[in-house]
Amino acid sequence: MGSQGGIGQSKEFLDLVKSIGEARSKAEEDRIVLGEIETLKRRLVEPGIPKRKMKEYIIRLVYIEMLGHDASFGYIHAVKMTHDDSLFLKRTGYLAVTLFLNEDHDLIILIVNTIQKDLKSDNFLIVCAALNAVCKLINEETIPAVLPQVVELLGHQKEAVRKKAIMALHRFHQKSPSSVSHLVSNFRKRLCDNDPGVMGATLCPLLDLINRDVSSFKDLVVSFVSILKQVAEHRLPKTYDYHQLPAPFIQIRLLKILALLGSGDKQASEQMYMVVGDIFRKCDSSSNIGNAVLYQCVCCVSSIHPNPKLLESAADVIARFLKSDSHNLKYLGIDALGRLIKLSPEIAEQHQLAVIDCLEDPDDTLKRKTFELLHKMTKSSNVEVIVDRMIDYMISINDNHYKTDIVSRCVELAEQFAPSNQWFIQTMNRVFEHAGDLVNIKVAHNLMHLIAEGFGEDDDTEYTHLRSSAVDSYLRIIGAPKLPSVFLQVICWVLGEYGTADGKYSASYITGKLCDVAEAYSNDETVKAYAVTALMKIYACEMAAGRTVDILPECQTLIEELSASHSTDLQQRAYELQAVIALDAQTVENILPSDASSKEIEIDKNLPFLNDHVERAIEKGAQPYIPESERSGFSSASYLNRQDLYEVPPSHGLRFEAYELPKQPSVPLTTPPVSIGSSNELIPVPEPTYNRGTQAAVSLPSSSNAGPAEVKLRLDGVQKRWGRPTYSSSSASTSAAASQDTVNGVTPPDGATTVTPAISKGRETTYEPTRKTQQAVEISPEKQKLAASLFGGSSKQERKSSLGGGHKTAAKPTGGHAVEAPAKKMAAPVQQPPPPDLLDLGEMTVATTGPLIDPFKQLEGLLDSVELASSTKNHVDVSAAKGPDAMAFYGDSATTVEQGGHHFSSIDDVDNLMSGLSSATTDASSGGGIPTSQLTTQNSKGPNLKDALQKDALVRQMGVNPSSQNPNLFKDLLG
Amino acid sequence: MIKAVMVMNTQGKPRLTKFYEFLDFWCVVLCSRAENVSNFMEADSIFGPDSRLVYKHYATLYFVFVFDSSENELAMLDLIQVFVETLDKCFRNVCELDIVFNYSKLHTILDEIIFGGQVLETSSAEVMKARISLKLYRISYQNSFWLEE
Numbered sequence: 001m002g003s004q005g006g007i008g009q010s011k012e013f014l015d016l017v018k019s020i021g022e023a024r025s026k027a028e029e030d031r032i033v034l035g036e037i038e039t040l041k042r043r044l045v046e047p048g049i050p051k052r053k054m055k056e057y058i059i060r061l062v063y064i065e066m067l068g069h070d071a072s073f074g075y076i077h078a079v080k081m082t083h084d085d086s087l088f089l090k091r092t093g094y095l096a097v098t099l100f101l102n103e104d105h106d107l108i109i110l111i112v113n114t115i116q117k118d119l120k121s122d123n124f125l126i127v128c129a130a131l132n133a134v135c136k137l138i139n140e141e142t143i144p145a146v147l148p149q150v151v152e153l154l155g156h157q158k159e160a161v162r163k164k165a166i167m168a169l170h171r172f173h174q175k176s177p178s179s180v181s182h183l184v185s186n187f188r189k190r191l192c193d194n195d196p197g198v199m200g201a202t203l204c205p206l207l208d209l210i211n212r213d214v215s216s217f218k219d220l221v222v223s224f225v226s227i228l229k230q231v232a233e234h235r236l237p238k239t240y241d242y243h244q245l246p247a248p249f250i251q252i253r254l255l256k257i258l259a260l261l262g263s264g265d266k267q268a269s270e271q272m273y274m275v276v277g278d279i280f281r282k283c284d285s286s287s288n289i290g291n292a293v294l295y296q297c298v299c300c301v302s303s304i305h306p307n308p309k310l311l312e313s314a315a316d317v318i319a320r321f322l323k324s325d326s327h328n329l330k331y332l333g334i335d336a337l338g339r340l341i342k343l344s345p346e347i348a349e350q351h352q353l354a355v356i357d358c359l360e361d362p363d364d365t366l367k368r369k370t371f372e373l374l375h376k377m378t379k380s381s382n383v384e385v386i387v388d389r390m391i392d393y394m395i396s397i398n399d400n401h402y403k404t405d406i407v408s409r410c411v412e413l414a415e416q417f418a419p420s421n422q423w424f425i426q427t428m429n430r431v432f433e434h435a436g437d438l439v440n441i442k443v444a445h446n447l448m449h450l451i452a453e454g455f456g457e458d459d460d461t462e463y464t465h466l467r468s469s470a471v472d473s474y475l476r477i478i479g480a481p482k483l484p485s486v487f488l489q490v491i492c493w494v495l496g497e498y499g500t501a502d503g504k505y506s507a508s509y510i511t512g513k514l515c516d517v518a519e520a521y522s523n524d525e526t527v528k529a530y531a532v533t534a535l536m537k538i539y540a541c542e543m544a545a546g547r548t549v550d551i552l553p554e555c556q557t558l559i560e561e562l563s564a565s566h567s568t569d570l571q572q573r574a575y576e577l578q579a580v581i582a583l584d585a586q587t588v589e590n591i592l593p594s595d596a597s598s599k600e601i602e603i604d605k606n607l608p609f610l611n612d613h614v615e616r617a618i619e620k621g622a623q624p625y626i627p628e629s630e631r632s633g634f635s636s637a638s639y640l641n642r643q644d645l646y647e648v649p650p651s652h653g654l655r656f657e658a659y660e661l662p663k664q665p666s667v668p669l670t671t672p673p674v675s676i677g678s679s680n681e682l683i684p685v686p687e688p689t690y691n692r693g694t695q696a697a698v699s700l701p702s703s704s705n706a707g708p709a710e711v712k713l714r715l716d717g718v719q720k721r722w723g724r725p726t727y728s729s730s731s732a733s734t735s736a737a738a739s740q741d742t743v744n745g746v747t748p749p750d751g752a753t754t755v756t757p758a759i760s761k762g763r764e765t766t767y768e769p770t771r772k773t774q775q776a777v778e779i780s781p782e783k784q785k786l787a788a789s790l791f792g793g794s795s796k797q798e799r800k801s802s803l804g805g806g807h808k809t810a811a812k813p814t815g816g817h818a819v820e821a822p823a824k825k826m827a828a829p830v831q832q833p834p835p836p837d838l839l840d841l842g843e844m845t846v847a848t849t850g851p852l853i854d855p856f857k858q859l860e861g862l863l864d865s866v867e868l869a870s871s872t873k874n875h876v877d878v879s880a881a882k883g884p885d886a887m888a889f890y891g892d893s894a895t896t897v898e899q900g901g902h903h904f905s906s907i908d909d910v911d912n913l914m915s916g917l918s919s920a921t922t923d924a925s926s927g928g929g930i931p932t933s934q935l936t937t938q939n940s941k942g943p944n945l946k947d948a949l950q951k952d953a954l955v956r957q958m959g960v961n962p963s964s965q966n967p968n969l970f971k972d973l974l975g
Numbered sequence: 001m002i003k004a005v006m007v008m009n010t011q012g013k014p015r016l017t018k019f020y021e022f023l024d025f026w027c028v029v030l031c032s033r034a035e036n037v038s039n040f041m042e043a044d045s046i047f048g049p050d051s052r053l054v055y056k057h058y059a060t061l062y063f064v065f066v067f068d069s070s071e072n073e074l075a076m077l078d079l080i081q082v083f084v085e086t087l088d089k090c091f092r093n094v095c096e097l098d099i100v101f102n103y104s105k106l107h108t109i110l111d112e113i114i115f116g117g118q119v120l121e122t123s124s125a126e127v128m129k130a131r132i133s134l135k136l137y138r139i140s141y142q143n144s145f146w147l148e149e
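Protein sequences, first through last, are from chains A and B.
Residue numbers for the first sequence follow UniProt numbering, so the first one is 1 and each next one is one higher.
Residue numbers for the second sequence follow UniProt numbering, so the first one is 1 and each next one is one higher.
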């Protein structure tokens, strides 16, 4: 058993490893491994296997498992091996079980006892092995079984044991904080351990604890500072030096802790300034690890109470990182810049060109990090450039996961900072065109909302202009092949609402286009439904205007085809369309008023106009109406009871514990409130004593859910089901920004219009001077332009300070304002630049307090009402039910848009609901889509394979006589 | 915290895998990355949210560490270095074959460096001390150990 490779193993094992190494394909490898599994299965059941042989089998099992195959048949043997007395077998056993089992595995229970025994062992190596296993295998339930022993080990004489015991406790803390909450003092005590390794290990749990609760550890600031000082001054044993740097990992961890403790605490921060400053000065920036420490210093400085001197050093470090050739350092530089930019925005300008270089770098990681930085520094003056870049990048990548991420960022930025509606619509069009399937459906609804409503306070001409430009752009795009479904829905809706509004396009032109869409995407029912509804709106509009409607032959064919469609929804739409065309102009005007998509419809849910009719019917002896929930609630409750009775076999005897209350079946709940008492009267109950309890249980939720309260429900549920969590935050931040905005004294209506000229001016003025300063370096004008537009107004500050007089005059008019504004914005991290009123902010505030609708309740209500087949009721419920998809984002205002001016457009919303559902499933499948993206990356690896094989062959050659030097191996390590 | 450590060769064959947190994925391909790019990758799509990955390429082997945002990327890169330096001390000019045939030893070393997903020990001398004590124990124990068979 020497340390040289392969001596301890049998020939069999060597052959296995060798044959797997030589396998040309995954299939061949699988075949070999499967063969091995069979062999091992056979061998393991043989009686009287010598222990050494057994050890090797276990190792082979680990190997199989590592190659991705199931070795669960052998787990029990690994467990058995942990019981062995021999240290080596025990260690192997522990190693195998920690690799095989997760903490919830059934076999764990068989190991706990062994672990308990081993923790008490005299041999510290056994204790260490057991602690290793504790760390991996003990779960919340088994913590109490080993906790006392582990705590005892904190005082063990061997530092290796103390160290691991600390880490084991840390692990317990991670799994169940309450289990070790009384042991915090132990961590504090261990901080003063003589052994630096133990002290360093103690920092791990402390970092976690401080992260959770900063205030109770403020007293340790002094200790941490003095430890860090001692470490930095080389007071630790030489063995802790790493590349001439004293214990860098301990330094890094201490800096992390200090960053937490000093955050927002001036007094604590002041105690740190000295030592952090020292590290900045002393740290060797030529080595990798030195830079890691410096980076951590920057992170610390950006987190604690700002100190100008330290900020300066931090800026220097960042400058060096960004100028470095190493991509790793650039990456860290960008990251650090993102942290520091909150405190001193002007530092970004110094590095604008470096940032742009990173943006154009072929390195994907770096690029993404840079986009993150840009995302942080977006303001209304540079949003156009940034979003433009992001979209370009988004188009260029294939990774759907990241694409989704970047799309949501684009949308967020565009919604937050859009300088004009026009720009917003164009941007959204681009986003939809290239990544429509990845966009949340709410974004589409938001876009429709915007087109329908504009900013709310703009004048009418601008409205019309906005709409007709939207229509223009959509008519241009519509012919493009393979547009995403969501985008087509938006297009159809807009064309239906506003296609003919400005009189530029004839009805027949628009309808022709719509028919083309419906035909080209004949597999997509949602799009078809949108198209048909759009057709109907256009015809209605024509009729209301007194023109005769001549239906194009292809439209006619489409309608006929759809009225025979398998989808009842499409059929209904087609029939409705035919019915509407047959009506006279006045009626059409009433049911489908033009441009009323954003008008609110008042709904009286009690349907008072039916009261007379109902009373008359009751007088005539009709049964009073029993709400659906009561009826089905009872039937299913009694059904459940019956089932319970059947399930219990008669031989079972007495049962002492109570039966579980039957679960509330998924019954439609949208019904008027009915008291429990009345329900008891109404329904004859066969076994009153037994059933009462269950009845109450069944009818209680329905009565509490019913009634007006039911309509206003949790928005959180809506978001979880229907939207990405980012939306809640973005809407929250916009509303926060809104209030900020008024505080700043900028009146919202002006905001949008004044911003645009400011940008263009800013760009012109900054362009020149930037070139001046950079002329010597000879940088391409495009880059400079980009820099100027990215770093916009604030770059003038830099120029002012560097150039003094000179161009001051040019900068003056816009400069003062532009510089000040971003600075103000950067100063407070929460603060957002004035929002361009994309959302109707007046209503935004209402939205948060307004009625919140639970989508499922409504979905149920919807089905419910369909059953009722009362068209009026249908309308009411449907339009109220459209909430879920749009609701989460703009709450109340959504109701206004989508509620649709027309009776039938509300059916759109049913469809929205459906598409909301389907988008939920596509979300799920995009989650499942990850493997595909992996696949593609795997494919892209293809060309390298041969090369890799050769390399592998080479290494194998090297491996045959390990004494021979391999010049390639670790040359950077040892050099 | 560190979520996983992997060592694999350029063909994508795993040589060592250790997970400190359950991750349901498998193969990452790093070979497609160019030589001069950074050693960091965001790995959300493979390892779930808030995952980063640092890799280092030594001859035919990739050393990959997966961790979350609480760790310092550059420090992780150096942790790989610590690991490899220790391996080198242990095996004297470590090569892929050493790793293939001794990965239980690799696990032992890794257990000294990373414990429960946290960096435990970063001095390779200390790590070697732990190994040497094991070896000493083994020598003193050897006779009886062989007798057991």
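Be aware that one or more of the hints could be misleading.
[Claimed, not checked] Here are the simulated SDA-like cross-link-like pairs (lysine to any residue), alpha carbons at most 25 Å apart as the crow flies:
id, chain 1, residue 1, chain 2, residue 2
1, A, LYS53, B, THR17
2, A, LYS504, A, ASP524
3, B, LYS89, A, SER19
4, A, LYS175, B, LYS135
5, A, LYS53, B, LYS105
6, A, LYS189, A, GLN244
7, B, LYS89, A, LYS175
8, B, LYS129, A, GLY155
9, B, LYS105, A, TYR242
10, A, LYS783, A, TYR393
11, A, LYS785, A, ARG281
12, A, LYS323, A, LEU786
13, A, LYS367, B, LYS105
14, A, LYS376, A, GLU360
15, A, LYS367, B, LYS18
16, A, LYS376, A, GLU453
17, B, LYS18, A, GLU141
18, B, LYS135, A, LYS376
19, A, LYS323, B, GLU42
20, B, LYS18, A, LYS189
21, A, LYS376, A, ASN211
22, A, LYS51, B, LYS135
23, A, LYS120, B, ARG52
[Stated by the list, open to error] Derived list of chain B stretches under chain A, where covered just means 3 residues or more per stretch with a C-beta under 8 Å from a C-beta of chain A:
id, segment
24, 2 to 9
25, 96 to 110
These are calculated hints, taken from the structure and not from any lab test.
We treat Cβ as the ideally placed atom computed from N, Cα and C, and that holds for glycine.
Against the structure, the hints:
1. LYS53(A) - THR17(B): holds (24 Å)
2. LYS504(A) - ASP524(A): Roughly 29 Å between the alpha carbons, so the hint for LYS504(A) and ASP524(A) is violated.
3. LYS89(B) - SER19(A): violated (28 Å)
4. LYS175(A) - LYS135(B): violated (34 Å)
5. LYS53(A) - LYS105(B): Distance ~18 Å between LYS53(A) and LYS105(B) Cα, so the pair holds.
6. LYS189(A) - GLN244(A): violated (29 Å)
7. LYS89(B) - LYS175(A): violated (35 Å)
8. LYS129(B) - GLY155(A): holds (20 Å)
9. LYS105(B) - TYR242(A): This hinted pair holds, its Cα atoms lying about 23 Å apart.
10. LYS783(A) - TYR393(A): Holds, because 17 Å separates the two Cα atoms, which is no more than 25 Å.
11. LYS785(A) - ARG281(A): Given pair LYS785(A), ARG281(A) is violated - Cα atoms ~36 Å apart, limit 25 Å.
12. LYS323(A) - LEU786(A): holds (19 Å)
13. LYS367(A) - LYS105(B): violated (39 Å)
14. LYS376(A) - GLU360(A): holds (18 Å)
15. LYS367(A) - LYS18(B): violated (30 Å)
16. LYS376(A) - GLU453(A): violated (29 Å)
17. LYS18(B) - GLU141(A): Cα-Cα ~24 Å, so holds.
18. LYS135(B) - LYS376(A): This hinted pair is violated, its Cα atoms lying about 54 Å apart.
19. LYS323(A) - GLU42(B): Satisfied, since the Cα-Cα distance of roughly 23 Å is no more than 25 Å.
20. LYS18(B) - LYS189(A): violated (31 Å)
21. LYS376(A) - ASN211(A): holds (24 Å)
22. LYS51(A) - LYS135(B): holds (19 Å)
23. LYS120(A) - ARG52(B): Violated - the C-alpha atoms of ARG52(B) and LYS120(A) are around 38 Å apart, more than 25 Å.
24. 2 to 9: This one is violated; 1 residues, fewer than the three required, reach chain A with a Cβ under 8 Å.
25. 96 to 110: holds (count 11)
Checked against the numbered hints above, the structure breaks hints 2, 3, 4, 6, 7, 11, 13, 15, 16, 18, 20, 23, 24 and satisfies the rest.
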